Amino acid sequence: MTDLQPPKPRPTALTQAYWDALDRGEIVIQRCGSCSRFQHPPLPVCTGCAGEQLEWRPVDRRGTILQHTAIAEPRVRGLAHHRPLVCVLVEMREQRSLRILGNLRESPGAIRIGDPVRMVVVRTGTFALAQFELDSDAMGVERNVHA
Amino acid sequence: MRDVAAIATGWSPVARRSIRSIAGLTLSACEAALAQVGLTWKDVDGLATYPSTAGSGGNQPGVDMVGVELIARAARMQHLRWFASLDRGMVSGSFAAAVNAIATGQCDVALVFKAMHTPERPYGEVQAAEPDALNEFTLPYGVARGSVAEFAMPYGAYLERYGRAREEFAPFIVQNRANAAGNPRAVFYQRPITVSDYVDDRVIATPLSMLDCDMPVDGAVAVLLATREVAAEVCARPAYVLGHATMGMQFDHAPLMVLDDLQANARWLTRLALDNAKVKTADLDRLSLYDGYSYFVLLWLEALGVCGVGEALDYLADGVSAPGGQLPLNTGGGALGIGRLHGMPQLAEAVEHIIQPEGVDVTLAHAGSPVHGGAMFVFGSPATLSTR
Chain R
44 MTDLQPPKPR PTALTQAYWD ALDRGEIVIQ RCGSCSRFQH PPLPVCTGCA GEQLEWRPVD
104 RRGTILQHTA IAEPRVRGLA HHRPLVCVLV EMREQRSLRI LGNLRESPGA IRIGDPVRMV
164 VVRTGTFALA QFELDSDAMG VERNVHA
Chain D
12 MRDVAAIATG WSPVARRSIR SIAGLTLSAC EAALAQVGLT WKDVDGLATY PSTAGSGGNQ
72 PGVDMVGVEL IARAARMQHL RWFASLDRGM VSGSFAAAVN AIATGQCDVA LVFKAMHTPE
132 RPYGEVQAAE PDALNEFTLP YGVARGSVAE FAMPYGAYLE RYGRAREEFA PFIVQNRANA
192 AGNPRAVFYQ RPITVSDYVD DRVIATPLSM LDCDMPVDGA VAVLLATREV AAEVCARPAY
252 VLGHATMGMQ FDHAPLMVLD DLQANARWLT RLALDNAKVK TADLDRLSLY DGYSYFVLLW
312 LEALGVCGVG EALDYLADGV SAPGGQLPLN TGGGALGIGR LHGMPQLAEA VEHIIQPEGV
372 DVTLAHAGSP VHGGAMFVFG SPATLSTR
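Residue numbers (this note's numbering), protein chains in the order written: chain R, 44 to 190; chain D, 12 to 399.
It is possible that part of the hints are untrue.
Stated by the list, open to error - Label pairs and their calculated CB-CB ranges:
| # | chain 1 | residue 1 | chain 2 | residue 2 | range |
| --- | --- | --- | --- | --- | --- |
| 1 | R | 96 | D | 30 | 54 to 62 Å |
| 2 | R | 123 | D | 72 | 29 to 37 Å |
| 3 | D | 98 | R | 164 | 31 to 39 Å |
| 4 | R | 139 | D | 292 | 25 to 33 Å |
| 5 | R | 139 | D | 66 | 26 to 34 Å |
| 6 | R | 96 | D | 98 | 55 to 63 Å |
| 7 | R | 168 | D | 335 | 53 to 61 Å |
| 8 | R | 99 | D | 28 | 44 to 52 Å |
| 9 | D | 144 | R | 78 | 44 to 52 Å |
| 10 | D | 66 | R | 99 | 27 to 35 Å |
| 11 | R | 98 | D | 140 | 25 to 33 Å |
| 12 | R | 59 | D | 92 | 29 to 37 Å |
| 13 | D | 331 | R | 96 | 53 to 61 Å |
Since the hints were derived computationally from the structure, they do not count as laboratory data.
Here the structure is a predicted model, which means the values were calculated and not measured.
Here a beta-carbon is modelled for each residue, glycine too, at the ideal position from N, C-alpha and C.
Let's have the full structure, built from the sequences with the hints guiding it.
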């Protein structure tokens with residue numbers, strides 16, 4: 044999973060800061076200046092309080108797997124040779140409703156909901172992408188199954 | 012408000028690929044519905060569809076999709092008084108709009124149709140070098156919004172949360188294909204499968220396999236709606252719309268859909284529809300539940316309360332949902348067995364269960380995903396209507 048050539052995002056005025064931060068090796072997520080709620084993907088209003096003062100804040104980078112799948116034969120250009128392509132939707136530590144999608148960098152055995160993961164910045168040719176890897180330090184300690 | 016009835020259904024031949032255009036197939040399906048009750052295009056003053064394409068292809072009118080304009084022109088419907096072309100909620104959104112249009116007097120007889128064309132390129136293929144804004148935070152990770160991978164994740168979460176295995180779905184999948192095998196309209200007519208066909212099926216995105224996805228087809232289906240007055244004149248057993256609800260919406264903001272939202276919205280939509288129709292689950296004689304992805308059936312059954320949450324696989328394994336069972340489900344084979352017709356297999360089937368000579372009294376159709384504009388309709392026989 045080190046030679047991913049995914050489709051390159053075309054940032055908009057709303058999302059440019061997110062991608063610029065990744066380029067610098069930083070991970071920032073949109074947060075409401077009024078109610079301090081994080082949200083992702085970015086929006087021009089806060090879905091917590093309808094506030095319009097939104098800012099970019101670094102996150103702790105740790106979270107747990109909420110949902111996952113392994114795509115047997117990816118059909119997205121640039122990713123077709125990654126078989127399988129493991130995708131994880133991660134619930135970040137900051138806030139239960141902050142969910143971020145990524146690929147798992149290594150190909151471990153069975154992964155489970157609640158497995159702890161850590162966000163990392165990965166360079167893929169011409170741009171940087173946030174990805175996840177299993178947080179082996181936290182394994183067994185903070186496995187957090189949502190039931 | 013006027014009572015509204017479904018009085019006929021019409022089907023084109025449904026095939027993986029047809030030598031006819033879907034424009035022609037749509038006209039055939041509409042004319043079949045009209046012929047069933049002895050009406051003509053001149054009697055139709057309302058027209059509605061879900062104009063979406065099947066994706067991965069073009070958008071040429073009549074070839075890749077069929078809109079209301081093309082049908083209105085081809086059938087020379089200058090007398091048309093109302094139309095809807097809603098691109099949300101599958102055909103159910105336009106179906107609901109047509110019911111409301113008749114109820115409020117905007118038109119008297121409406122045809123609701125849906126055509127589908129199997130794209131030339133593989134389903135789910137994304138050639139774009141740059142994602143659009145909707146896919147900015149998913150496509151770089153190999154997930155197009157609405158693709159199998161997005162739908163696979165909540166199902167994986169369902170199986171993991173309730174300690175189930177995908178193999179446990181085999182009794183339903185096999186029974187459903189047996190239903191389709193006996194349905195001459197189905198793309199899988201006379202093509203049943205075995206448990207091992209399902210267990211050994213090719214997985215597309217864990218845990219969803221090929222047989223969990225509806226089959227892309229060329230085909231069209233139409234349902235004819237009318238006022239009570241027209242219905243009484245031309246149809247012995249109209250299927251009255253007792254109530255409906257369109258409320259499939261994902262409230263939580265997230266890059267992709269999440270099981271909790273699917274379950275919560277399925278429950279909410281189901282409650283609204285049953286309340287609007289003033290019926291209870293126990294009143295339902297037949298269920299026609301949307302199965303564009305197989306596991307939606309589990310969510311609908313649990314939302315309807317025919318079994319506990321996480322118990323639908325056991326419920327289906329019991330055979331109560333087979334034809335002749337206590338509460339038959341998708342007796343024609345659903346979208347999995349009939350073909351990918353965006354909600355029409357369910358809507359048409361729920362109507363047909365009532366309008367046939369030995370028809371039942373109360374049916375329920377659901378179409379669409381719980382978080383993509385899904386809608387639910389309850390139909391009742393004339394006897395049901397007269398007791399209200």
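Hints and how they fare:
1. R:96 <-> D:30: 54 to 62 Å: holds, 59 Å
2. R:123 <-> D:72: 29 to 37 Å: Roughly 32 Å apart at Cβ, these two residues keep to the hinted range, so it holds.
3. D:98 <-> R:164: 31 to 39 Å: holds, 37 Å
4. R:139 <-> D:292: 25 to 33 Å: At roughly 32 Å between Cβ atoms, residue 292 (chain D) and residue 139 (chain R) fall inside 25 to 33 Å, so the hint holds.
5. R:139 <-> D:66: 26 to 34 Å: Holds: the Cβ-Cβ distance is about 32 Å, inside 26 to 34 Å.
6. R:96 <-> D:98: 55 to 63 Å: With a Cβ separation near 33 Å, residue 96 (chain R) and residue 98 (chain D) fall outside 55 to 63 Å, so the hint is violated.
7. R:168 <-> D:335: 53 to 61 Å: holds, 59 Å
8. R:99 <-> D:28: 44 to 52 Å: holds, 50 Å
9. D:144 <-> R:78: 44 to 52 Å: violated, 25 Å
10. D:66 <-> R:99: 27 to 35 Å: About 34 Å separates the Cβ atoms of residue 66 (chain D) and residue 99 (chain R), which means 27 to 35 Å holds.
11. R:98 <-> D:140: 25 to 33 Å: Holds - the Cβ-Cβ distance for residue 98 (chain R) and residue 140 (chain D), about 31 Å, lies within 25 to 33 Å.
12. R:59 <-> D:92: 29 to 37 Å: violated, 48 Å
13. D:331 <-> R:96: 53 to 61 Å: For residue 96 (chain R) against residue 331 (chain D), whose Cβ atoms are near 55 Å apart, the range 53 to 61 Å holds.
Of the numbered hints given earlier, the model fails hints 6, 9 and 12; all others are met.
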